[in-house]
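**Student:** Here are the chains, one letter per residue:
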Amino acid sequence: MGSLARAYGRPLAALIIGITVLWILALIVVPLGAMVEQSLWWKESAGETSLTIDRLYNDIATLQLDRDSATDTEKQAALDAEIVAKQAQATELEASEKNPRKIYGLANFTRMSELHIYIFVRTIFYALLVTLLALVVCYPLAYAVALASGPRKTVVLTVALIVPYAINELLRVYAWLMILDYRGVINGVLGWLGVVDLDNRGWIPFLENPSAVFVAMIYTYVLFMVFPMVNTLETLDRNQIEAARDLGATSWRIHRRVIIPHAKPGIAVGCIMTFMLSAGSYSVPQIMTRGQGGDWFSQLVYRQFYESNNWNMGSAYAVSLLVVCTLFILLMMRLFGVGLRDIAK
Amino acid sequence: MSAASTESRGAQLVLNIYVGLFVLYLFLPLAVMSAAAFNAYDYPSVTQWQGFTLKWFVALAHDQRLLQGLWNSLLVALGVIVVSIPAGLCGALILTRLQAKTGTALYSVLVSPVLTPGIILGISSLIFWRRFGVPGGLFVAVMAQSSFIASYAMLLFLARLQRQDRTQEEAALDLGAGHFMVFRRITLPFLAPTAFTAAVVAFLQSFENYNTTVFAIGGEWTLVTEIASRLRFGLSPVINVVGVIFVALTVAAAVTYVLLNSRKKQA
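Protein sequence lines, in the order shown, are assigned to chains A and B. According to UniProt numbering, the residues represented by the first sequence are 1 to 345, in order. According to UniProt numbering, the residues represented by the second sequence are 1 to 267, in order.
The reader is advised that the hints may include incorrect statements.
Unchecked claim - Part of the chain A face toward chain B, derived, beta carbon under 10 Å:
| no. | residue |
| --- | --- |
| 1 | V36 |
| 2 | V155 |
| 3 | Y174 |
| 4 | W176 |
| 5 | G280 |
| 6 | L321 |
What the hints contain is simulated information worked out from the structure, not anything from laboratory work. Glycine is no exception: its CB is placed at the ideal position from the N, C-alpha and C atoms.
Please build the complete structure, drawing on both the sequences and the hints.
**Tutor:** What follows is the structure in structure tokens.
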């Protein structure tokens, strides 16, 4: 802090520190803390209480009838007292019904239904699969792009890769929706060939298969794997490859011993980004299932917030997702031996 | 491409074909989407061609909700720039002057939003601001997006500051310039090009963000969230028109960039 004050003076240094602290508190740490806190409590269920209240009012109504038909004053007084007592009890319960007790605990996590746990696990599994497939597809591509040179490289890089990368995620998903739709491109072509009969709704329902989400997801996030790998491979000294070749190494061996070790940070970043984006993707499953299917965990989270209006449960779901993503990042860093500074470049 | 020196001819050919196929894979879906914008058929399609038309462009020009969404997107992007550029700048200024250990801890905190799933950022902002009585809407969207866009801005400023020659600032101080003067005349001009780049990046990131925004936006909408909710209720070629405009703008920007670069190299 001292050097900051020496360079910019105390007032400016204070302002710089103030803004950064505000950023950390108001945009990062406290919101995250609020979400975790929200996931750790729930309101006592109101169902039981309202049943009891209903029963009390029934009793009061019966007592009232008894009191009205009763003739001797002693009995009337006794019934009056009972009515007042029951009334007080009902009022008390009504207050707690309007303002149910807040209970802290882990129930939001343990109460997750079996179906939701299944969807959670499946989402993680699919996200891992997307990551793996993207890695396999992108490695040769990144290698070819990074080691090429000349004007054609610039064109391939800037136009062919950056343009689709810069096009909005939703539109990229939408393009696949058009391709796989009932009257989409594939069914249309199959119709021309006479394989399917579109007029009698004999199309192949690609969209009803969960793999439609998978296909669109690879298309949407594959480029997040390409760019980090290209960036690290570009720094590889080509003489290393030549030297290895001159010394008689096979292509396979060169990749395994020279190129892949050099590309490690890029591979780690690519895997982290691809996994994080696909595990937490809401756009792709939402569009590919037209908001009807609940195949992806993010959709469950959204429903907890905007349909069931159960923010506590929704927060617990979100925290679970965050924990898995964090674990994945730590695993990747350990596996590839890279630090956080290598990751965010 | 000419990596011929490091690969045999056959291997090079295979690699080139592979790159070509991949580029085809990237562009064909976009081409399909764009073509359908000009089809007179009521349902976005390329296989049922009913003649060339521009009527969907006219329909878009009269679509109040989409236009309002565009306006909201611009407002949110502006807000994000205002919040995230100063935050990113201050974070970078501190980080460049910190010792390795504290530096890494602070760095981890400031970079963490980039590695957090977008929906989590949206959810945590939604919960946080509701506790101050602020419901989901454009403001919460600005805050949610800024949490990670400020990190991107910070990374850009950090890269620039690493190339800074600090003796300039020190010399100015020695010659009697005040701290404000040094900051305004030396530090800020040095960082100005990066600030511009960061603002452009922030704008683009904000404009096309969906996963964070959809949770933070509440009852309001941006262009992108409106497109997404349209896709739920029957498809319309109007969305394809939006797609065509996006593709055209992006291609134009990329081509301009390539041309400018090659001219710079020739000069």
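**Student:** Taking the numbered hints from earlier one at a time, note which ones the structure violates and give those numbers from smallest to largest.
**Tutor:** none
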